[in-house]
Amino acid sequence: MTSLPQNPTATKLGLVIDLDVCVGCHACVISCKEWNTGGYGNALSDQHPYGSDVSGTFLNRIHSFEVVPDGGEIVGEAGVARIVHFPKSCLHCEDAPCVTVCPTGASYKRAEDGIVLVDEDKCIGCGLCAWSCAYGAREMDLAAGVMKKCTLCVDRIYNETLKQEDRMPSCVRTCPANARHFGDLGDPASDVSIMVAERGGFDLMPEQETRPTNKYLPPRPRKSLSDIAPIVPLAENSDGARGFFAWLDKTLDRI
Amino acid sequence: MNPEPHLALSEPVGEEVRKTTCYMCACRCGIDVHLKDGKVRYIEGNRDHPINKGVLCAKGSAGIMQHYSPARLRAPLLRTGPRGSGEFREISWDEALSLAVDWLQPVRQTAPQKLAFFTGRDQSQALTSFWAQNFGTPNYAAHGGFCSVNMAAAGIYTIGGAFWEFGAPDWDKTKLFVLFGVAEDHDSNPIKIGISKLKKRGARFISVNPVRTGYSAIADNWIGIRPGTDGLLILAIIHELFRAGKIDLDYLQRYTNAPWLVIDDEGKEDHGLFLRDDLGKAMVRDRTTGALVRFDEPGHRADLNADFVTDDGRKVRSVLRLMAEKYLDPKYAPEAVVAETGIPAADIRGLAAEIARVAFEEEIRIEQPWTDMKGEQHEAMIGRPVSFHAMRGISAHSNGFQSARALHVLQTIIGSIDCPGGYRYKPPYPKPATAHPRPHGRSEHVKPGQPLAGPHLGYPLGPEDLLVDGEGSPQRIDKAFSWEAPLSAHGMMHMVIANAYAADPYPVDVLFLYMANMAWNSSMNTRSTIEMLEARDEATGEYRIPKIIYSDAYSSEMVAYADLVLPDTTYLERHDCISLLDRPISEPEAACDAIRWPVLEPDRDVRGFQSVLIELGARLNLPGFVDESGLPLYKDYADYIVNHQRKPGIGPLSGWRGVDAQDEGRGSPNADQLKNYIDNGAFFMKHIPDEALYFKHHNAAYQQFAIDMGFFDAPQPVTIQLYVETLQKFRLSALGYRQPFAPEQHRQRLLDCFDPLPDWYRPFEEQGVDTAQYPYHAITQRPMAMYHSWGSQNAWLRQIHTTNPLYVPGQICDELGLKNGDWAWVISHHGRIKCEIARTDAVNGRTMWTWNAIGKRKGAWALDPKSPEATKGFLLNHLIHELLPPRADGMRWSNSDPVTGQAAWYDLRVRIEKADAGTEISEPHFSTIKRPGSQQQPADELRFGQEWTSK
Amino acid sequence: MHPAASIIVFTTLSGLGYGLAVVLGLGFLGPSLLSSKIAYVLSLTLIGVGLLSSLLHLGNPQRAWRALSQWRSSWLSREGVMAIATFVPLTLSTTLAIFANRHDTVLGLITAFGSLVTVYCTSMIYASLKTVDCWHTKLTPLCFLLFSLAGGFLLASAIAGGNALVVELLALLFVLLALVAKMVWRKHAATRQPRSTPESATGLGFIGKVRLFERPHALDNYLTREMGFRVARKHAAKLWVVAFVCGAILPILALLLSVAIGSGLSAQLILCAGILAHLLGILVERWLFFAEARHAVMNYY
Ligand SMILES: Nc1nc2c(c(=O)[nH]1)N[C@H]1C(S)=C(S)[C@@H](COP(=O)(O)OP(=O)(O)OC[C@H]3O[C@@H](n4cnc5c(=O)[nH]c(N)nc54)[C@H](O)[C@@H]3O)O[C@H]1N2
Ligand SMILES: Nc1nc2c(c(=O)[nH]1)N[C@H]1C(S)=C(S)[C@@H](COP(=O)(O)OP(=O)(O)OC[C@H]3O[C@@H](n4cnc5c(=O)[nH]c(N)nc54)[C@H](O)[C@@H]3O)O[C@H]1N2
Ligand code: SF4
Ligand code: SF4
Ligand code: SF4
Ligand code: SF4
Ligand code: SF4
Ligand SMILES: [Mo]
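Chains as they are written, first to last, in numbering that gives the first Met the number 0: chain A, 0 to 254; chain B, 0 to 950; chain C, 0 to 300.
Worth flagging that the hints you see were computed from the coordinates, not collected in a lab. Every residue, glycine too, gets a C-beta built ideally from N, C-alpha and C. Be aware that a few hints might be false.
[Claimed, not checked] Residues on chain C that point at chain B, a partial pick, calculated with CB under 8 angstroms:
hint : residue
1    : His216
2    : Ala217
3    : Leu218
All chains should be modelled from the sequences, with the hints used to inform the complete structure.
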């Protein structure tokens, strides 16, 4: 099914990630690892787990960026940059190049809900899909020799053995800051779609023309403290203790 | 199109879910452990749990790797090589326990103080302190002295509570939240849940922190303060609020000591103390009648502006008057503190204005009648929705006690202690300092073969409560509660090894440690600490600290320095008790406690430490552990949790008490209690009635709830202590006005630092070193995905933080030509380290920082000795000395807060120099420790869960 | 991008093999000559070894046959299909040449066409990737095709031992064209505006300039090893000189010399040296093709 679904159905399941509240705690990273390493497909292996060159397969990773505003927002002696913690997993693109490049049909996009998956029994581990993904969402598992990627926890979201409230991706369920949201981005009335509309959710690298399903919510605008300073007049009484005592007496008499 | 493959979408997660409590850190979230084929398949947060409400952090999810860690100890170990080598022989438990008894019994029978028993990251202080008390040694404490006692003590003395386990912001209602110096905190998940909630509500979140990562990264405003100057910033805000009259006079009048009368009697022993009646009750002046009344007398209106001479001729002034006089001084004006704090005056004023605006213009009103402790009825609960939270950024400085006090004073003057939208106590707090015990450990408390006369730790109310002898010399090995650190309510674990080595004040025979990596990341001056542990007496060839018993679960650095190692289970293999008698997990709206239980059986010859301690207690015949005939009272810890009673009806757990499990808080033991807990998800939660939810310090319904729950037997309302009389008593001792007089060498410090109204002084290291030579600050932060030293053995977590660069401000990088990946020497008054650097611009320009405790010793933790943690990772601890640089007269003070003894980790001053290119190995480094006992070389590839994989 | 040896060997050898197959298919070399028979076998061998080598980098080579299934969308699949499809006429032509001393024009044209299409498919695997800016250009297939033809004609010249002037002149032409194409390709690679930037990758450009502060995981992972490999500029410049000299200048000199000398052993030896130099040059060029390529994912690292 290397070709993309002909008539993509209306349902587009995906994640909405709120950069305004992600604190970069990596909870979603490890939760994803533990769910998926015993679940869908081969385990997510780790090479030299206790050695000098440790590495492993992860389907979701948190980057941290320093963003230096144009003009610089200098806070006293403090620096000018601001840090944004940035989670990243598969965006379940509508025009997923990782699917079309796959020579075996292992990579496919589900017609039913748009989830992009790898059928590991078909995957030859050529790595081309990882090359085609601008987002670094695919990682070859070195032990199994097959491509791994975020499954949108397809084995949770439809899992009838789970309580309804738990039928959501592991990373979403665990995120302490509630920075990850799951839902149908094809439905304009869904919570996630509304959130995207209200907060100006955006696509990563639109120029790659992949039309990601997942959306990111930008950090909310900030208002500096010094702008507030004049709003509340502070000098109701005259300076110094004497003035204060007079004010105090007056006020106490009033109440 | 090919047909889509068939997917098995509804595979059960495992065969069984066992609910217990996480212990990858001290936050103690509820977890659902899914088991499959007798192995852990998946750990997720327990949705019903009061702490984490279903979420879980990275460490919690990585519990699988913690549990199956190759660094787990396998059996009791007896040292065979020299200390530090890691050479051990595995022995049986019987041999281990007999040996421990052989070492401990003579000590107990002759000089119990020669046992020093200190515990680290544990959560069972109710048991360990009970054991130590019955052993009879005065030398017991947990790790709070190097952790956050400034926070705890300042909180208890001021508001009868504190942050973290003691209290939290009203996350659902607060409209302005200001966070001081927190990277992660003990309340990890609740803080994340809370911040996110309030940001989504559009409430403003301000972070005061030299570094802008983590929480600070998502703050609406970041105040990149210069370390050690928060107190000054807070006092500047207080200055502004006084100037503008933005203070909650009604609140101050009712619930605080602002109207209490302070005696002005220069040169006399009551100078600066409260005017009290015969019963010792503080007096206020009724503004309506002008009469003196007891502060807690119903029906009066206390005068906040009192300044008069009493009928018997004593000059008195209200606390609030003293405060106004002090804080309106222009030295606290925003402009005046810019140079110290590095914060522009406009920002400080903006912050003050915002606090005032939200507190007084965005008042919250909850239509909930309630009755205060004077019997007065209130129609509603009025909230000032400004909340604060602080942790080690304030606490870990030598002026941290006063800074934390300043913060509580700020909260109080805007009336936001335990009100809707403000800070809220968590049960069993509030509890005033006076309701806590006094410390015990003076020589009259210690008798061979006898229990200690009372609890070790407590809150002194004046110099008379110190644990010193007639000469004023310390009585405890850590010198807690001495003139050096009078209010060291948590002990001073960081001084134990140095003092035991120096036999100052006396030598110890046995050092018994539990869950503290003292030979590495929890010590200052790590190399010397190691040398002290290795040092031998020249005459006898015996170790200076003759015997070290240690309980750890993993092959940490400290294990190598023990003579006898008692291997603990993992947190999934044992019973634990998270008790209201200890460090609670309550939330502001409910009293909560919890257990851990063996959801898996150990596959090694290890035992839960608490059970081992109970068995040791029995073998040593300690009261409380054996009955009259000398038979053990408890089979194991589980038995103790259920059947031990602190006083009749009060035991470690408050839920499902009474024979029929119907009682809460108080009740006789219930044989099925643990099962009741397990059936409920391993925790118990008792909601506070609605009318008792706020103003707990003065809420009659809450006080009754607390009595019913057994927190105390009579009401313990808290009158918030803006002015702390205890501190003034120390000043009077220093002035020689009041007995006992302070020894000469301590007097100046007591005068400088024990101001009964919060003040700021320059951190000691900054006072003591040439700041031109050491122009920068160096601090650490906790990584959210790593718990101190014990995360690095975790195959998943260690991939996130395999090394820890030193993050250096861009400005300094540019000056020195430093680029990412360069190596540099960082030099303090005490030592130098070499490390890799990385540039950052999101930081205070004079502060460099790194992640805490990533650096590892070669060979520890079952890691390859060539691991980056051991070759590139580093500790700042090598630069931090437990003593300050010598003064002119050669005297060296400890590098601690003078009030509480809190270790001043973040006072460190450094300079930095580019290192020559060459071997990229951090300095200092140490010899390789051998893998202990039968620990195997770990596998080179991990495919956890491969056997379960489906399609 | 990580320069995987198997892929470099594969594209180099199969490019050469298919180039030679084109020369053979177009009937430039008489089928009865021993040298032509050798050329046929050599062509098959180069292609075969190349293809085998390409299997080496697969995680699960035993399922490689599955790669033939997605020719409708995947250039890699098309390449596989074309490679195998072209094998058929090429093997038949080889058999004809060896056993019947015959060159069948139709079969030959099919072989030549198939070979060019195969090389085109290979090149399109790279050229179709929007994630690698320097690859994502029509110049990439042009270079691959010209290199393949240049190599093929050069190899054919060497095998023919200076007895095929047209082939030598065409070799000269294709080497020159390939060189020019590659130089244009490099210029394009060096001057093009990157399609994606850290700002577009994070969507944070509206705040300011974006720079990585901390990697997700401290050490390398599959992505950084695979996509993060970048040769140092200094080394790249040196290696390009090697590729330039060996891949083009020396072969051109060899061709000119051989044309000057005419036929004979020395011409053949010179041409052999020329093709070996070319082979080395192409290996280096291919190495650089990967090692200099910047993948969009590195905007996150
Ligand atoms: N530079 C610098 N140094 C610091 C700090 C800092 O901020 N900067 N912070 C200080 C503070 S606040 C603290 S609290 C200390 C913390 O430092 P430590 O108290 O030393 O904490 P850990 O490193 O977690 O080590 C605790 C030990 O407990 C062991 N352990 C883990 N699980 C178990 C178990 O289940 N049973 C038993 N018996 N043992 C177990 C671990 O293997 C480890 O050896 O560090 C202090 N040191
Ligand atoms: N993930 C994780 N969680 C933990 C731990 C862990 O190791 N890992 N350890 C636990 C323990 S023992 C403790 S004590 C708690 C501690 O919890 P925190 O108090 O959050 O611990 P620190 O990492 O020491 O964070 C101190 C913060 O204060 C800042 N800071 C330093 N100096 C100053 C200053 O002068 N002023 C201000 N305003 N800020 C300053 C630092 O930049 C840092 O962000 O965390 C607990 N929770
Ligand atoms: S993010 Fe990458 S892997 Fe996921 S669908 Fe898009 S291109 Fe494919
Ligand atoms: S690695 Fe597997 S999924 Fe990816 S393109 Fe190759 S065969 Fe398809
Ligand atoms: S949706 Fe599932 S697979 Fe995807 S990142 Fe989240 S946890 Fe991982
Ligand atoms: S769990 Fe949530 S807050 Fe933590 S890194 Fe992931 S998205 Fe960010
Ligand atoms: S914060 Fe994380 S590690 Fe700590 S108890 Fe909770 S889940 Fe466990
Ligand atoms: Mo701590």
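A quick look at each hint next to the structure:
no., hint, in the structure
1, His216, "5 angstroms, holds"
2, Ala217, "4 angstroms, holds"
3, Leu218, "5 angstroms, holds"
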